[in-house]
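J.: Sequence:
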Amino acid sequence: MIGLWLALALHAAAMEPPADPFAPVTTALASGKRGEAGELLVGLVNDPAAVAVHGQAWRAMAGVLTDLDLDSAALVAWHNALKVDAPNTGANLPAILELAKTLGDEDLLAPGAAPWLGVAPDANSRSRVGYLAARHQLRSDNLGAAAGLLPIVDKSSPDWADARALKGITASEQGQHQVAIDAFSEALTAGRAANRGERWLSNGQLNLARAYFAAGNFGQAMVHYSLVSREASAWPEAQFERAWAHFRAEDMAGSLALLVTHDSPFFDQAYLPEADLLRAQGLFLMCKFQDASKRIDGFVNDWTPVLQTLDTSLGSMDAAAAFADVRAHKAGETTRLPVSQLAPFAREDRFSDSDAFVTKADSDLVRISSLGGGALADWAKGATQARRDAVVGAAGQRVLNRAESARTELREMLSGIEITRLDLLNLEAQMYEKAAATGKLEYGDPIGRLRKLSKDRVGFRVWPFQGEYWMDELGWYRIDSRPDCPSDMAAGDR
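Each residue of the sequence shown is one higher than the one before, counting from 94 in this note's numbering.
Hints should not be assumed to be uniformly reliable.
To be verified - DSS-like mimics (lysine-lysine), calculated; alpha carbons at most 30 Å apart, straight line: (1) Lys194 x Lys248; (2) Lys474 x Lys423; (3) Lys453 x Lys387; (4) Lys126 x Lys423; (5) Lys176 x Lys194; (6) Lys453 x Lys194; (7) Lys194 x Lys474; (8) Lys387 x Lys126; (9) Lys387 x Lys423; (10) Lys423 x Lys176; (11) Lys387 x Lys194; (12) Lys474 x Lys248; (13) Lys248 x Lys176; (14) Lys474 x Lys453.
As the list claims (entries may be wrong) - If you anchor each label on the Cβ, the simulated ranges turn out as follows: (15) Ala142 x Asn181: 18 to 28 Å; (16) Ala468 x Pro398: 19 to 29 Å; (17) Asp113 x Arg460: 24 to 34 Å.
No lab work stands behind these hints, which were simulated from the structure alone.
All C-beta atoms, glycine included, are put in the ideal place defined by N, C-alpha and C.
Please model the entire structure based on the sequences and the hints provided.
T.: Here it is in structure tokens:
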């Protein structure tokens, strides 16, 4: 008889539905006991037996952390929810994407974003996921994957202009110059329609100019370089690359005129060693040997100390120190790396996003400390600290990579310029030998050419440069000069 009752009891137990492991969390949240709910949630996400509710637990944990104003940890929780239960988390995707953008940590979502395309609840979210995934693939040098993801971005999406720009970059990297030109042109059109700022549009003009340059269309490259706004941080770089376009078109005077801007004290802390080399090369090809020799000496004097500073600093810096160095530069403090290496990051949106996230994470860590102990606080602290360190490491490593590249480049330039000096002396000797044979060494009439230039430039006021730079004159310099070479040695006589 006892055996029969036991059998009936076991059968009844088997017929009962299993207990809901999430039920205690629901009860605690309904009672307003967020602390208790948080403890239970940490237990659930760490319990392999509760895998069926892991997605639900991560979503609930993200909500609790948001209520506690711990957004950095909340984003990590949302990310985990997407990884383990994308179908049921997809409805939250618009809010998750907005949170990541606000915090400046879209890079957390980007590597795993592609699988979420199927759960995005609307076209804009799907487009945003596609764009983030494509951008990540481009940064990882997976050009084919990036190109394959970009068509996902809808033309009506706010990300359309950025996606077209990304398409142009991808095509340029693949040597598809006309595709790049078309994509950058579309990006500019879309950017204007979306009222993008002058900075965005100037970067678009710079990209389009580079695409034309790569395609060998130096005339169109010059046009678009000239359309970069003078107020844009990219303007000095655009003027330098425009000088390259004149050089490639064998317009040495035009190239040298543009480079006068970079010789001004306004750009003393810019990293433009190639501009100095281009100036020396242009003078060399015009047989202006004394000027070219002075430029070579100046290059060695100016850039050797920069190389020495890089050698000293890079030997003792890690990624975190490099990240801190950019922040110090932005705050006007003393830095270990040359300012020329830090300034581009100080005005870069990508670094600014990382900086903003780290600031928020630091604030969250202070807030977590005020909450006392407990499983949720411990998890939030660990997640926030780990993500903070990852962001600092990634951003700082980009700074180190740029500085390492500059160090290698400067070493090669300083070594190669001595060969250029020998070439200069050899060509100068050839010119004087020819002059000795013909009895002529013509240098022209600079005052007469200045008067002619003043007459030809209707609507402009022309006066000789006398060594004093004015901000409003930058970009307007002209050099009216011919090569000093014999006719069979001349280059760039335009």
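J.: Next step is simple, just say for each hint if it's right about the structure.
T.: Against the structure, the hints come out as follows:
1. Lys194 x Lys248: Given that 30 Å is the threshold and the Cα spacing comes to 21 Å, the pair holds.
2. Lys474 x Lys423: holds (28 Å)
3. Lys453 x Lys387: violated (51 Å)
4. Lys126 x Lys423: violated (43 Å)
5. Lys176 x Lys194: holds (19 Å)
6. Lys453 x Lys194: holds (13 Å)
7. Lys194 x Lys474: holds (21 Å)
8. Lys387 x Lys126: violated (76 Å)
9. Lys387 x Lys423: Status violated; Cα separation ~34 Å.
10. Lys423 x Lys176: violated (36 Å)
11. Lys387 x Lys194: violated (50 Å)
12. Lys474 x Lys248: This hinted pair is violated, its Cα atoms lying about 41 Å apart.
13. Lys248 x Lys176: Holds, because 28 Å separates the two Cα atoms, which is no more than 30 Å.
14. Lys474 x Lys453: The given pair, whose Cα atoms are some 13 Å apart, holds under the 30 Å limit.
15. Ala142 x Asn181: 18 to 28 Å: holds (19 Å)
16. Ala468 x Pro398: 19 to 29 Å: Cβ of Ala468 to Cβ of Pro398: about 54 Å, so the range 19 to 29 Å is violated.
17. Asp113 x Arg460: 24 to 34 Å: For Asp113 and Arg460 the Cβ distance comes to about 32 Å; the hint holds.
Violated hints, listed in ascending order, are 3, 4, 8, 9, 10, 11, 12 and 16; each of the other numbered hints is respected by the structure.
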